[in-house]
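Trainee: So that you can map any letter, position 72 of the sequence shown is 72 in this note's numbering, and since no number is skipped, the others follow by simple counting.
To be clear, the hints were calculated from the coordinates, so they are not data collected in a lab.
There may be inaccurate statements among the hints.
[Unchecked claim] Straight-line distance between alpha carbons at most 30 Å, and here's what the computed DSS-like set of lysine-lysine pairs gives:
1) 207 <-> 284
2) 39 <-> 95
3) 275 <-> 232
4) 208 <-> 39
5) 493 <-> 449
6) 472 <-> 493
7) 208 <-> 122
8) 412 <-> 460
9) 275 <-> 310
10) 449 <-> 375
11) 275 <-> 95
12) 207 <-> 238
13) 460 <-> 472
14) 375 <-> 412
15) 275 <-> 238
16) 335 <-> 389
17) 189 <-> 232
18) 407 <-> 310
19) 472 <-> 449
20) 310 <-> 332
21) 213 <-> 275
22) 134 <-> 95
23) 39 <-> 122
24) 134 <-> 162
25) 284 <-> 232
26) 354 <-> 412
27) 412 <-> 389
28) 460 <-> 450
29) 375 <-> 450
30) 208 <-> 95
31) 162 <-> 189
32) 389 <-> 354
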Amino acid sequence: MASKIFMGDMPELMENILNNLNDIHSLHSCVLVSRFWSKMSIPILWSDPFSLGRKSSFIPIYLSSLNEHDIFILNECGIVVEFPNTLFNYANFLKVMDLSALDCLVEDWIELSNINLHKDSKMIKYELANLLFKLFIERGAILSKFDLWISDDSNEETFDIKPEIFYLLGRNGTFFSQLQELSVFIKIKPCPQNAITLLKILIDNAKKINTLKFTEFYYDPQLFHTLSCVIKSQEQIKCFSMDFVRRFGRIISSLRYQQNSLREVIMENCDFSSKDFDELMNCKNLEVIRMYQCDNADRLLNRLGNSLYKINTLDVCSYSIDAWNIIQLLQKSGKLLQRLRISSDSKEIHSFPKLLEILISSCPNIVYLDFSCMKLSTQFLNFICCLQKLQFLTFTWIDDGTEEEMKTCVTKFAEMLPLSLNYLDLGDFWNISSSHIDVFLNHCNAPLKKLLLKVNDDEKVVEALIGFYIRKKTLNMVYLYDLGSRFESDLKKYVELVPYDHIEVDC
1 MASKIFMGDM PELMENILNN LNDIHSLHSC VLVSRFWSKM SIPILWSDPF
51 SLGRKSSFIP IYLSSLNEHD IFILNECGIV VEFPNTLFNY ANFLKVMDLS
101 ALDCLVEDWI ELSNINLHKD SKMIKYELAN LLFKLFIERG AILSKFDLWI
151 SDDSNEETFD IKPEIFYLLG RNGTFFSQLQ ELSVFIKIKP CPQNAITLLK
201 ILIDNAKKIN TLKFTEFYYD PQLFHTLSCV IKSQEQIKCF SMDFVRRFGR
251 IISSLRYQQN SLREVIMENC DFSSKDFDEL MNCKNLEVIR MYQCDNADRL
301 LNRLGNSLYK INTLDVCSYS IDAWNIIQLL QKSGKLLQRL RISSDSKEIH
351 SFPKLLEILI SSCPNIVYLD FSCMKLSTQF LNFICCLQKL QFLTFTWIDD
401 GTEEEMKTCV TKFAEMLPLS LNYLDLGDFW NISSSHIDVF LNHCNAPLKK
451 LLLKVNDDEK VVEALIGFYI RKKTLNMVYL YDLGSRFESD LKKYVELVPY
501 DHIEVDC
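All chains, full assembly: derive it from the sequences and hints.
Mentor: Dropping the structure here:
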């Protein structure tokens, strides 16, 4: 099997492996293995050059492919450099394009190149960025993801597109023909006409968008009409996201054209008091709902609970949450519900006992669970005990008992954790006393692989963690809020230590 991969007899398998590396340094290493690996790795490396954390030093490789006319334009700007000969048509490999990132990297390259400029630096950036955009179109790039970012922020320069770019895009329909992800951020009033023109080109040429995100718009009738047409023009949008959009009625009503395909909605900083959002009731195949810092989020969920019954992921983070409004949605989803997060900034979830009652009776298949604040009540412990498929658990505990009562709760909690659990985030829970960690780890039977704790530089904590590792032989990573240098080397002999701010586990 390995020899076939090295010889190139299984290119599809090899491409899948390389596409899942998600590591630019590993891909660079693969380029050096063999000619076959190089041909497979180079297109992946250059598919997303503007968001892989690269420096702007790669830009001359693109410039080496410019024609004589475009090189003349560079010379007029004062950019007279010898570009390297290249083995590949790098511009053709582009799949992901972010206009804001392109603009920033071009500016960075101009500043670092120590070129004797003949024109204003802003004009040169304008010329160079458009030459690159033009090159991508002419060299046959076919995008899968596109970010359109336009802002009136005085600290941000906006990429201004030349008219000839629109002409080329109009003639070359393939550039956007395979677009699957579109993100639009337009925070400028009135909306620039070139943004409207670009969106209209997308309407004509991009029909396969399945992930669509709109962020932070000022109300502009022409813009909102155009965005509505973007939604209507797609064959099947599966994920729709909206953040800080006001007076959104026309946009939301357009989702009726995607009611059979829509699987996920993400709403941030929206006011759900409007009845326009009731349009989501018609999306019978909706499976994922995420609402962050939205007014009246639980009330909307109450209305949606009358019609939606396929929800497998519910993610609600708001200042105040009344769980009573979510109960009907949870009951209808029942065994389909696998991922649940309910987080309240007010540190209280209203009607929480009723919520637990419904979850115990209706939702036994939860795999991911995140609750912001609760007490280790008998009802909560029974709920945890019922979740025999639970793999990820995050919660913050409200402490209101004596030291002895706390130890009793910790013991029961540790003993009731399901054997399926392998990730546990306890956050501030253990910041009260190191003895709680000792009690928990000595009674925990779950085969934890990843554990997040907030601890001080305490020898007893370190001994408890090492003891748990030796007893279970499953723990391989500990995320820590804080650990003094005294015991860091001791723990590193057994588990990998990761700073808390590096953690990324999403609902």
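Trainee: Decide, hint by hint, whether the structure agrees.
Mentor: Hints, one by one, checked against the model:
Restraint check: the Cα-Cα separation between residue 207 and residue 284 comes to about 22 Å, which is no more than 30 Å; the hinted pair holds. Taken as a hint, the residue 39 and residue 95 pair is honoured in the structure, with Cα atoms around 16 Å apart against an allowance of 30 Å. About 20 Å separates the Cα atoms of residue 275 and residue 232, which keeps this hinted pair within 30 Å; it holds. Between residue 208 and residue 39 the CA atoms are separated by roughly 28 Å; this keeps the pair inside 30 Å, and the hint holds.
At most 30 Å may separate the alpha-carbon atoms for a hinted pair to count; residue 493 and residue 449 meet this at roughly 16 Å. With a CA separation close to 16 Å, the supplied pair residue 472 and residue 493 stays within the 30 Å bound. Proximity of residue 208 to residue 122 is assessed by CA-CA distance (about 35 Å); at most 30 Å being required, the pair is judged violated. Between residue 412 and residue 460 the CA atoms are separated by roughly 21 Å; this keeps the pair inside 30 Å, and the hint holds.
Between residue 275 and residue 310 the alpha-carbon distance is near 22 Å, which keeps this suggested pair within the 30 Å criterion. Between residue 449 and residue 375, the direct Cα distance comes to roughly 25 Å. Compliance with the 30 Å bound is thereby established for this hinted pair. For the given pair, residue 275 sits about 38 Å from residue 95 by alpha-carbon distance, which is inconsistent with the 30 Å threshold. Among the hinted pairs, residue 207 with residue 238 is consistent with the structure: their alpha-carbon atoms are about 13 Å apart, no more than 30 Å.
For the given pair, residue 460 sits about 18 Å from residue 472 by alpha-carbon distance, which is consistent with the 30 Å threshold. Annotation: proposed proximity of residue 375 to residue 412 holds, straight-line Cα distance about 13 Å (limit 30 Å). Restraint check: the Cα-Cα separation between residue 275 and residue 238 comes to about 22 Å, which is no more than 30 Å; the hinted pair holds. A threshold of 30 Å between alpha carbons decides the hint, and for residue 335 with residue 389 the separation of about 12 Å falls inside it, so the pair holds.
At roughly 24 Å between alpha-carbon atoms, residue 189 and residue 232 fall within 30 Å of each other, so this suggested pair holds. Taking the CA atoms of residue 407 and residue 310, the gap is near 40 Å; set against the 30 Å cutoff, the hint is violated. Distance check on the hinted pair: residue 472 and residue 449 sit about 10 Å apart at the alpha-carbon level, within 30 Å; holds. A threshold of 30 Å between alpha carbons decides the hint, and for residue 310 with residue 332 the separation of about 8 Å falls inside it, so the pair holds.
Distance hint between residue 213 and residue 275 is fulfilled; the C-alpha atoms sit about 21 Å from each other, no more than 30 Å. For the suggested pair residue 134 and residue 95, the alpha carbons sit about 15 Å apart, so the restraint of at most 30 Å is met. Simply put, residue 39 and residue 122 have alpha-carbon atoms about 37 Å apart, too far for the 30 Å limit, and the pair is violated. For the proposed pair residue 134 and residue 162, the alpha carbon gap of about 9 Å is at most 30 Å, so the pair holds.
Taking the CA atoms of residue 284 and residue 232, the gap is about 18 Å. The hint holds against a cut of 30 Å. Simply put, residue 354 and residue 412 have alpha-carbon atoms about 22 Å apart, close enough for the 30 Å limit, and the pair holds. Note on residue 412 and residue 389: the hinted pairing holds, with a Cα-Cα distance of about 19 Å set against a maximum of 30 Å. Of the pairs offered as hints, the one joining residue 460 and residue 450 holds, with about 19 Å between alpha carbons and a cut-off of 30 Å not exceeded.
This hinted pair checks out: residue 375 and residue 450 have alpha carbons roughly 23 Å apart, not beyond 30 Å. The straight-line distance between the Cα atoms of residue 208 and residue 95 is roughly 14 Å, inside the 30 Å bound, and the hint therefore holds. Of the pairs offered as hints, the one joining residue 162 and residue 189 holds, with about 20 Å between alpha carbons and a cut-off of 30 Å not exceeded. Distance check on the hinted pair: residue 389 and residue 354 sit about 22 Å apart at the alpha-carbon level, within 30 Å; holds.
Going down the numbered hints, you'll see the structure goes against 7, 11, 18 and 23, while the others check out.
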